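Number of protein chains: 2
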Amino acid sequence: MGRAHRESYGGEMSTAASMVFYCLVFIAEILMFGVLSLVLFWVVHYRGGFAWREDVKLEFNYHPVLMITGFIFCMGHAMLVYRLFRCCNKLTAKILHTFLYLLAVPCIVVSTIAVFDSHNLRDPPIPNLYSLHSWLGVITIGLFGLQLVVGFFSFWLLLCCEHGTAKFRAGLVPVHATFGIVTFMLAIATAVTGYTEKALFTLKSDYSKFVDETWVINAQAACLAALAILMGFLLYSSRYARVGTQAVAIVEPPSSSHYVMTQKTYYYREHE
Amino acid sequence: MGRAHRESYGGEMSTAASMVFYCLVFIAEILMFGVLSLVLFWVVHYRGGFAWREDVKLEFNYHPVLMITGFIFCMGHAMLVYRLFRCCNKLTAKILHTFLYLLAVPCIVVSTIAVFDSHNLRDPPIPNLYSLHSWLGVITIGLFGLQLVVGFFSFWLLLCCEHGTAKFRAGLVPVHATFGIVTFMLAIATAVTGYTEKALFTLKSDYSKFVDETWVINAQAACLAALAILMGFLLYSSRYARVGTQAVAIVEPPSSSHYVMTQKTYYYREHE
Numbered sequence: 190m191g192r193a194h195r196e197s198y199g200g201e202m203s204t205a206a207s208m209v210f211y212c213l214v215f216i217a218e219i220l221m222f223g224v225l226s227l228v229l230f231w232v233v234h235y236r237g238g239f240a241w242r243e244d245v246k247l248e249f250n251y252h253p254v255l256m257i258t259g260f261i262f263c264m265g266h267a268m269l270v271y272r273l274f275r276c277c278n279k280l281t282a283k284i285l286h287t288f289l290y291l292l293a294v295p296c297i298v299v300s301t302i303a304v305f306d307s308h309n310l311r312d313p314p315i316p317n318l319y320s321l322h323s324w325l326g327v328i329t330i331g332l333f334g335l336q337l338v339v340g341f342f343s344f345w346l347l348l349c350c351e352h353g354t355a356k357f358r359a360g361l362v363p364v365h366a367t368f369g370i371v372t373f374m375l376a377i378a379t380a381v382t383g384y385t386e387k388a389l390f391t392l393k394s395d396y397s398k399f400v401d402e403t404w405v406i407n408a409q410a411a412c413l414a415a416l417a418i419l420m421g422f423l424l425y426s427s428r429y430a431r432v433g434t435q436a437v438a439i440v441e442p443p444s445s446s447h448y449v450m451t452q453k454t455y456y457y458r459e460h461e
Numbered sequence: 190m191g192r193a194h195r196e197s198y199g200g201e202m203s204t205a206a207s208m209v210f211y212c213l214v215f216i217a218e219i220l221m222f223g224v225l226s227l228v229l230f231w232v233v234h235y236r237g238g239f240a241w242r243e244d245v246k247l248e249f250n251y252h253p254v255l256m257i258t259g260f261i262f263c264m265g266h267a268m269l270v271y272r273l274f275r276c277c278n279k280l281t282a283k284i285l286h287t288f289l290y291l292l293a294v295p296c297i298v299v300s301t302i303a304v305f306d307s308h309n310l311r312d313p314p315i316p317n318l319y320s321l322h323s324w325l326g327v328i329t330i331g332l333f334g335l336q337l338v339v340g341f342f343s344f345w346l347l348l349c350c351e352h353g354t355a356k357f358r359a360g361l362v363p364v365h366a367t368f369g370i371v372t373f374m375l376a377i378a379t380a381v382t383g384y385t386e387k388a389l390f391t392l393k394s395d396y397s398k399f400v401d402e403t404w405v406i407n408a409q410a411a412c413l414a415a416l417a418i419l420m421g422f423l424l425y426s427s428r429y430a431r432v433g434t435q436a437v438a439i440v441e442p443p444s445s446s447h448y449v450m451t452q453k454t455y456y457y458r459e460h461e
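Order-wise, the sequence lines are chains A and B.
Heads up: the first sequence begins at 190 in the numbering used here, then just goes up one per residue.
Heads up: the second sequence begins at 190 in the numbering used here, then just goes up one per residue.
Possibly wrong hints are sitting among the right ones.
No distinction is drawn between identical chains; accordingly, a pair holds when it is met within one copy or between any pair of copies.
[To be verified] Here are the simulated DSS-like cross-link-like pairs (lysine-lysine), alpha carbons at most 30 Å apart as the crow flies:
no.	residue 1	residue 2
1	Lys356	Lys279
2	Lys356	Lys283
3	Lys246	Lys387
4	Lys398	Lys387
5	Lys246	Lys393
6	Lys398	Lys246
In case anyone wonders, no lab produced these hints; they're calculated from the structure.
Keep in mind that this is a model prediction, so the values were computed, not measured.
Model the full structure from these sequences, guided by the hints.
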């Protein structure tokens, strides 16, 4: 398995499974582009657009847009890379995954600066980190950072000693993948609390009167919920996992009745 | 595989993995009992306790307590059954899983009645289903119902024709499991938006002043985030899955160099 990341991993799904898979990926893409468009439309059309420190109320608007860009759009695509790029070798997929994940970093950093500024530079200042949205945000950013460190550590090990560290790196994969989807789910949970706060702070009683902005805000939450369901299914359902991540590969039974087993571990499955 | 649900599935983890597993389950139990105790303490100590339609403000208090009981406590335990009860046969685990899942149903029904009452019987009434919390709630309850239907359909098929439906039922398992954890994650996302709404509606500007209730509400959200991480890891990490759910079982390589293969499909894994 030492050089497994240089192998391609295409073609293991049936045609029907492929069609369902690409259909689901297409819907996920619509949802990811949809939520990004909606948050931009919301901020520009209803919340006055963007500014930096000259207008801290508008500086805040970078926060939802960049957090959705980083945590949902970039991270969502980074996770889908391992499901989508079946025609490439694993190293290409790893580099693309890392690139998309790294794209999220400046978004998250600038977005965090924007929200602290919009609290600290107000007159009077708004306290920081009091709400459960901010607590969830700290946990989510912490997990994101941890994933980044684990990913780089694993990649650094790969560059240092590809063969000797293969077993250790393979052991990290399911943990890294599990924490990845959990981080994505927590990012969604954090986002919907953020939307709730903003809706109640700015729309106040208008929120319950089904004004246009109510629909725009709720539509973003609905998109995020749909993404949670779809991405959960696409990333966790083993039927869409590439063969390279699974422990077993099919060996055709020999036509003769004799078969020499040497230094391999053998597995069998009874027909269900 | 037709009678696989009558087999036990214990003893496949190493001692070290078992220790880590039971430690994580213990923490998950602390968090589930913790969030249930916290929500009860919060409602009784800060929100005036319970009443039915004679006081709709207090009737609302059933909503958070029963939703946490149903979606987090009962559903969380129902999902853990398949990881925990390795000493029983699968049918016992299935019945316990169904029992715990069914326990959640009255909680969710009464909780939904309570929240609709607390909107409709107010003077003036509060509109229903306007907030993103309610939209997320509808999606989560929908998924919960779908899971219930799929679970019963599968169990009914098992009773009708155990052997003939085994392959179909086995195909449902990963879908049911994936949607289960996604429903749990969405329930957490819905809960934290609910806490945010309640905190802003009742505490108003006191929420940002770190009053005692701020800590009690935020602690519940932090427990839920920790549960999302832990349950995500326990339920998705294949290292804690029972062998019966995996496709392969180890066959020791024969000591002789000859081995007769008959009507089985064989798989192999190279040593990593």
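Up to 30 Å CA-CA - Lys283 versus Lys356, copy category: within (17 Å within a copy, 35 Å between copies)
Within, between, both or neither, where Lys246 and Lys387 count as close if Cα-Cα is 30 Å or less: both (12 Å within a copy, 25 Å between copies)
Within, between, both or neither: Lys246, Lys393 at alpha-carbon 30 Å: Both: 17 Å inside a copy, 20 Å across copies.
Alpha-carbon proximity context of Lys398 and Lys246, limit 30 Å: Close inside one copy (24 Å) and across copies (21 Å); limit 30 Å.
30 Å Cα threshold - placement of Lys279 relative to Lys356: Classified as within: same-chain Cα gap 16 Å, cross-chain 32 Å, threshold 30 Å.
Copy assignment of Lys398 with Lys387, given that the CA separation must stay at most 30 Å: both (16 Å within a copy, 18 Å between copies)
Consistency with the previously given hints is maintained throughout, with no hint failing.
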